[in-house]
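Novice: If you're matching them up, the sequences are chains A and B in order. Mapping the first sequence onto numbering that gives the first Met the number 0, position 273 (from 1) lands on 272, and the numbers just tick up by one. Mapping the second sequence onto numbering that gives the first Met the number 0, position 242 (from 1) lands on 241, and the numbers just tick up by one.
Bear in mind the hints are in silico, worked out from the structure with no lab data behind them. Just so you know, these numbers come straight off a predicted model, no measurement behind them. Please note that the accuracy of each hint is not assured.
Footprint (simulated), chain A over chain B, 3 or more residues, beta carbon under 8 angstroms [to be verified]:
(1) 83 to 89
(2) 97 to 111
(3) 170 to 182
(4) 196 to 206
(5) 231 to 242
(6) 254 to 266
Lysine to any residue pairs mimicking SDA-like chemistry, simulated, CA-CA at most 25 angstroms apart [what the hints assert, rightly or not]:
(7) B:Lys2 with A:Ala187
(8) A:Lys301 with A:Arg217
(9) A:Lys122 with B:Lys2
(10) A:Lys76 with A:Gly65
(11) A:Lys122 with B:Ile11
(12) B:Lys52 with B:Thr223
(13) A:Lys76 with A:Gly268
(14) A:Lys29 with B:Gly96
(15) A:Lys301 with A:Ala215
(16) B:Lys267 with B:Asn95
(17) A:Lys301 with B:Gly238
(18) B:Lys52 with B:Gly215
(19) A:Lys122 with B:Phe258
(20) A:Lys29 with B:Thr90
(21) B:Lys52 with B:Gly238
(22) A:Lys250 with A:Lys122
(23) A:Lys301 with B:Thr99
(24) A:Lys301 with B:Arg155
(25) B:Lys2 with A:Gln206
(26) A:Lys29 with B:Asn95
(27) B:Lys2 with A:Ile121
(28) B:Lys2 with A:Gly196
(29) A:Lys76 with A:Lys301
(30) A:Lys76 with A:Val64
(31) A:Lys122 with B:Gly238
(32) A:Lys29 with B:Gly215
(33) B:Lys267 with A:Glu184
(34) B:Lys267 with A:Ile121
(35) B:Lys2 with A:Ala202
(36) A:Lys301 with B:Lys2
(37) B:Lys2 with A:Ala199
(38) A:Lys122 with B:Leu256
(39) A:Lys29 with B:Ser165
(40) B:Lys2 with A:Ala117
Glycine residues also receive a C-beta, built at the ideal position from the N, C-alpha and C atoms.
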Amino acid sequence: MKSADFDQLNHRGEGRFPPLLLNFRTISRKIASATFFFCALFVVATVLSIVVMLGVKAVPFLNRVGVWTFLTGTEWKPLRGHFGIAPMIAGTAYVTLGALILGGPLGLGVAVFLAELAPSRIKEILNPLIDLLAGIPSVVYGFYGITVIVPWIRRIFGGPGFSVLAASVVLGVMILPTIVNVAREAIAAVPDDYREGSLALGASRWQTIFGVVLPAARSGIIAAIILGLGRAFGETMAVVMVAGNMVAFPKSILEPTRTLTSNVVLEMGYATGDHQAALFATGFVLLLFILTLNLASHWLTKKGVS
Amino acid sequence: MRKEIDAFLTAIVVMGSLLVVGILIAIVTQVVVLGLPEISWEFLATEAAAGGKTGGILNSIVATLLITFIGILIAAPLGVGSAVYLEEYSTSNRLNGIITMSVETMAGIPSIVYGLFGLVFFVIMLGWGWSILAGGCTLALMALPLIMRTSQEAIRAVSNEYRENSMALGASREQTLFRLVLPAAFPGILSGIVLSVGRIAGETAAVLLTAGSALGIPRSLFDTARPLPVHLYILASEGISMSKAYGTALVLIVLVLVFNFCVYRLRKILS
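Construct the complete structure from the given sequences, taking the supplied hints into account.
Specialist: Structure representation (structure tokens):
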């Protein structure tokens, strides 16, 4: 029972008293509920205005240049009027995919360990450490990338070091907390009956995990991957610092690349006119993609344990 | 054979978990070991000079404190307020769904997009220019979802008996809310606020687009400034001074560790 329900009860009682006596109470309730309502509305308004504001900047430009030309154009020479973000879309795709390949299985493994196997003492140590990993600012990850990962790659594989691979490694670590936490919750939400049933039928611990628990938690696990993908996709600073930022289609994972997010942060400081509008359009594309991802993961989490 | 396979798979996930812990330790030790020699009273208490090559980080510390403070000052009441609305007032499931959906969406929007929004709205449309105020307001929006979600959980965790007893004693809904529910939920709400302080203090991309990156101690809310994360980004990516960058990174990491530890303690108190 919510207090709102109690309030209805209260209300019924109030009618029996002279209204004057209860004025203060009525007024204070109205003020309070209006204030809280305003706060909640603010959240909805913020989301809408983010979409609208970016749209207002981006849509006229996109109309003029053409959405298709903008998305598939391979030349980004803003000062000469060439606005094609295809190389950046490719860069973002490579880097995100790389992050998922490196961080996905690792994150899921840790999630299985935490949800199914770890004794509670280890959980108590490991969980705060995962949260700490989530709390480290992205710029510190980028800094670690510059000082450690990039020189490593340069030494071991050659090339400039600033590369798709460097960005993938850094992002792979950064998406771990998201994947671990969401997947762990999905796995932990699988009812114990499932496990007991499977074990009683003679399945081993891992046969149970692969055959029963993970399939039952699959929509949550997919949601975890999608959220991780969103995190990698939208990450800016760490990528800017280690990816090399050259506008070109990378031919190997050892070549530098530039992502959509990097493009915005690198050029926004000095962009004007159409150039600025093109950067807002880049942001708008980013936003629309993230909104789609969020809807997908929302739908999957709602499905819950199937 | 089955036993061996099981043991093998368990070993793999244990190693994976150890790897993750190892990565965390590697990052923290690297920054601590190389950053510690840089830390001195002088480093913390003088302004950066020569684009950050010499001098300290006082201006960035001030900028970070101011921007974070503004952000939380705006985000905390709004976040807690909307959590209260959802948990205690709202009776419409549809509206609840819309609000919850909006919060989830906000949580997923990347910081660079918040930066672009702040740039259009606060910096250009409202004419605040690159400023502490614009940066703080942008960060407030970013902190909202986290504060709201944790407050909602904390309020939901308050036992209904409290509410029932209070109502039975004739207290109004607001009296119950302010004297019982919110105080009982306070540690949970506070842990959410502290957590988001840690998050927005380390935020870079959104701040870079809305607060600028000029050196110097900000004198007013409309001054542009360079908070710690932005300072670290510029020092490292432009190769200005790696040693100063390590010092700055250490200060940032210590901030994050302190905030995380506070949250951890608060949660311990809760359970």
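Novice: So, for every hint listed, does it hold in this structure?
Specialist: Quick rundown of the hints versus the structure:
no. : hint                   : verdict
1   : 83 to 89               : holds (count 7)
2   : 97 to 111              : holds (count 13)
3   : 170 to 182             : holds (count 6)
4   : 196 to 206             : holds (count 7)
5   : 231 to 242             : holds (count 5)
6   : 254 to 266             : holds (count 6)
7   : B:Lys2 with A:Ala187   : 24 angstroms, holds
8   : A:Lys301 with A:Arg217 : 12 angstroms, holds
9   : A:Lys122 with B:Lys2   : 24 angstroms, holds
10  : A:Lys76 with A:Gly65   : 16 angstroms, holds
11  : A:Lys122 with B:Ile11  : 17 angstroms, holds
12  : B:Lys52 with B:Thr223  : 20 angstroms, holds
13  : A:Lys76 with A:Gly268  : 16 angstroms, holds
14  : A:Lys29 with B:Gly96   : 23 angstroms, holds
15  : A:Lys301 with A:Ala215 : 14 angstroms, holds
16  : B:Lys267 with B:Asn95  : 30 angstroms, violated
17  : A:Lys301 with B:Gly238 : 47 angstroms, violated
18  : B:Lys52 with B:Gly215  : 14 angstroms, holds
19  : A:Lys122 with B:Phe258 : 21 angstroms, holds
20  : A:Lys29 with B:Thr90   : 15 angstroms, holds
21  : B:Lys52 with B:Gly238  : 10 angstroms, holds
22  : A:Lys250 with A:Lys122 : 42 angstroms, violated
23  : A:Lys301 with B:Thr99  : 13 angstroms, holds
24  : A:Lys301 with B:Arg155 : 20 angstroms, holds
25  : B:Lys2 with A:Gln206   : 11 angstroms, holds
26  : A:Lys29 with B:Asn95   : 19 angstroms, holds
27  : B:Lys2 with A:Ile121   : 23 angstroms, holds
28  : B:Lys2 with A:Gly196   : 19 angstroms, holds
29  : A:Lys76 with A:Lys301  : 44 angstroms, violated
30  : A:Lys76 with A:Val64   : 14 angstroms, holds
31  : A:Lys122 with B:Gly238 : 40 angstroms, violated
32  : A:Lys29 with B:Gly215  : 47 angstroms, violated
33  : B:Lys267 with A:Glu184 : 20 angstroms, holds
34  : B:Lys267 with A:Ile121 : 16 angstroms, holds
35  : B:Lys2 with A:Ala202   : 11 angstroms, holds
36  : A:Lys301 with B:Lys2   : 36 angstroms, violated
37  : B:Lys2 with A:Ala199   : 16 angstroms, holds
38  : A:Lys122 with B:Leu256 : 19 angstroms, holds
39  : A:Lys29 with B:Ser165  : 20 angstroms, holds
40  : B:Lys2 with A:Ala117   : 18 angstroms, holds
Of the numbered hints stated above, those contradicted by the structure are hints 16, 17, 22, 29, 31, 32, 36, listed in ascending order.
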